[in-house]
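First to last, the protein sequences are chains P and S. Using my numbering, you'd call the opening residue of the first sequence number 1 and step up by one each time. Using my numbering, you'd call the opening residue of the second sequence number 207 and step up by one each time.
Keep in mind that the hints are not guaranteed to be accurate.
Unchecked claim - Derived CB-CB ranges, DEER-like:
1) D231/S to N132/P: 29 to 39 angstroms
2) E147/P to Q260/S: 49 to 59 angstroms
3) I205/P to A379/S: 39 to 49 angstroms
4) P100/P to E374/S: 25 to 35 angstroms
As the list claims (entries may be wrong) - Over 10 angstroms on every C-beta distance to chain S, these chain P residues come out as not near it, computed from the model:
5) F58
6) K66
7) G67
8) A85
9) R96
10) G134
11) V149
12) D164
13) R201
Think of the hints as simulated: they come from the structure by calculation, not from any bench. Idealized CB from N, CA, C, for every residue including glycine.
In case you want the letters, here they are:
2 protein chains.
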Amino acid sequence: MSEPKPKRLGVLLSGRGSNFIAIADAIAAGSLTGCEIVCVLSNIADAPGITTAQQRGFATEIHVSKGVPREEHDARMAASLKAHAVDLVILAGYMRVLSPGFINAFPDRILNIHPSLLPAFPGLHAQLQALNYGTKFAGCTVHFVDEAVDHGVIILQKVVPVLDGDDEAALSARILEQEHTAYPEAIAHVLSGEYRAHGQRYLHIG
Amino acid sequence: MSEPKPKRLGVLLSGRGSNFIAIADAIAAGSLTGCEIVCVLSNIADAPGITTAQQRGFATEIHVSKGVPREEHDARMAASLKAHAVDLVILAGYMRVLSPGFINAFPDRILNIHPSLLPAFPGLHAQLQALNYGTKFAGCTVHFVDEAVDHGVIILQKVVPVLDGDDEAALSARILEQEHTAYPEAIAHVLSGEYRAHGQRYLHIG
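Bound conformation, chain P alone (with noise of 0.2 angstroms):
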């Protein structure tokens, strides 16, 4: 019996894709399975992200997103994504809000990690909102991309203390930590077909 063919992830980035690395490493390990890194993509120029990727030998391209009209730079994505057969994008810092368009070109086929317990502090600055407000626990969560900004099916999230002698930089860097294990975790479960959406629940089904 053959094995199945890979799964193809195209990733987009906009910084230095501290996700897409620990992706990458986690198939390189074996630790991920049953799918490759067919593209990395960026909207901007010199992300550190792209120069990584380029090092490490998976095709990159670059569309410049600055004053370009939301919906054309992203039919420019959605394109390059077509044209590489993508299964699932994969969002990995990537710091645009997507256009209805993009989305629905990859129904449940678009995954997002975000720095907080969703529904909690969506938006920007996720774990200095959580310091701010107050609480004792933080996180991060990958989620399936609906219209909705930091909204969509959850498909996994993780859970850090916030500690008294936190800020903004020691913080993130303990929930950076459990982001690097959570998206090829939550790769994995999508790629399994164990899992369902039950309205908003995603669910084991195996």
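For chain P, the structure is supplied; the task is to place chain S on it using the hints.
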């Protein structure tokens, strides 16, 4: 050197008051020290928690809220608490929004517990809200009460997993178990004098 006088807790409840019972049990068992429950008040004539309080020998009072203007009812409650010289007001399933007049009568001395990881899922049926949203973790929050509903400086939180098989009852029971340890622990934090609010953050200064 004599023991300091125990701090006086006034409990407000509308239902069975399971958190009241947990606090009373913690005091009776000696795991929560330095305080005593001096009165148990309810806005509901036949609240089961009042029967329990009477059986255990606590002073109880009923001030029926139905049909009474909020300010007037809250003034009666506040007067009772003042008459009992309470140091802390403990809301234990007290199903009333408090008027500013009541809150300002006990500045930074009213505690509440809410069955979610605030700021997620304020309001009624927090556990069902969490289930319907599809979060992977839920919990409870003990907080000081300010004029916004289910808002105020967070004293502590406890986290529980949401399991695939959970319905509202199962999740509520798992959270309630944590509530019963969280509330006595939070009261101990407050009474210790070793914590201070810095903005919204409640930090240990010991």
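Output the indices of the hints that this structure fails to meet, ascending. 3, 10, 12, 13
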